[in-house]
Amino acid sequence: MRCRRATLADCHAATGAVVVIDVLRAFTTAAHAFARGAREILLVATVEEALALRARHPGSLIIGEVDALPVPGFDLPNSPAALARLDLTGRCLIQRTTAGTQGICRAPRDRPLFAASLCNASATARHLRALGAEIVTLVETGRRDSDSGDEDRACADLLEMLLAGDEPDLPGIAARVHQAPAAAKFADPARPEFPAEDLPLAA
Numbered sequence: 002m003r004c005r006r007a008t009l010a011d012c013h014a015a016t017g018a019v020v021v022i023d024v025l026r027a028f029t030t031a032a033h034a035f036a037r038g039a040r041e042i043l044l045v046a047t048v049e050e051a052l053a054l055r056a057r058h059p060g061s062l063i064i065g066e067v068d069a070l071p072v073p074g075f076d077l078p079n080s081p082a083a084l085a086r087l088d089l090t091g092r093c094l095i096q097r098t099t100a101g102t103q104g105i106c107r108a109p110r111d112r113p114l115f116a117a118s119l120c121n122a123s124a125t126a127r128h129l130r131a132l133g134a135e136i137v138t139l140v141e142t143g144r145r146d147s148d149s150g151d152e153d154r155a156c157a158d159l160l161e162m163l164l165a166g167d168e169p170d171l172p173g174i175a176a177r178v179h180q181a182p183a184a185a186k187f188a189d190p191a192r193p194e195f196p197a198e199d200l201p202l203a204a
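Residue numbers (this note's numbering): 2 to 204.
Worth flagging that the hints you see were computed from the coordinates, not collected in a lab. Everything numeric in this text was worked out from a predicted model, so none of it was measured. There's no promise every hint is true.
[Claimed, not checked] Here are the simulated distance ranges between beta carbons:
#	residue 1	residue 2	range
1	Asp-68	His-179	21 to 31 Å
2	Gly-74	Glu-168	42 to 52 Å
3	Asp-68	Pro-190	14 to 24 Å
4	Asp-167	Leu-132	17 to 27 Å
5	Leu-54	Asp-167	36 to 46 Å
6	Pro-190	Gly-133	46 to 56 Å
All residues carry an ideal CB built from backbone N, CA and C; glycine is no exception.
Please model the entire structure based on the sequences and the hints provided.
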């Protein structure tokens, strides 16, 4: 099994099975939503799509953000901590985010497609092995330049280790997420849209 890397800029050309990674926070939030009982999560690219889908799915909830900020009209922020006390049993969620759901929507739809974070990395690797994929493209949605996206790069590294059958350094992977530039805002009390509780839920 060969692994390739991609970003939002080139994931439209991804080959093989495609794993779209967003640790902070789209697919961490999605994993926690499923843990709270959500039945399904519909991933969309735009605010307009999210609102239209909610109108067609009575009882559904929109979760997400635009440029990390809450969106008027959405039901929940893109925050795993915001779900901690909710009972989502049987609920349909609609998720729109600036990184993770964009990667899903831009990736080719004619091949196996996965959404991953550290929360479901092991399960994702098991599914990829069972699939027998020869090529896996790991899309690091948080990577914009050489100084950004190490939280997603850490998850991609973990997936590569798991797929190769290597023993991963899980504390080291978690530390990389906590030390990534994108993690700093979760320690900033002036940024309430980034609750400190989100970070340990992601890593």
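17 to 27 Å as the expected CB spacing between Leu-132 and Asp-167, which holds or is violated = holds (19 Å)
request  = For Leu-54 and Asp-167, compare the CB-CB distance with the range 36 to 46 Å and indicate the outcome.
outcome  = holds (40 Å)
ask   = Can the suggested window of 46 to 56 Å be confirmed for the beta-carbon pair Pro-190 and Gly-133?
value = holds (48 Å)
query = Taking the beta carbons of Asp-68 and Pro-190, is their distance inside 14 to 24 Å?
reply = holds (20 Å)
task = State, for the Cβ atoms of Asp-68 and His-179, whether the hinted interval 21 to 31 Å holds or is violated.
result = holds (23 Å)
ask   = Lying within 42 to 52 Å: is that true of the beta-carbon distance Gly-74 to Glu-168?
value = holds (46 Å)
Violation of the numbered hints given earlier is absent; every hint is satisfied by the structure.
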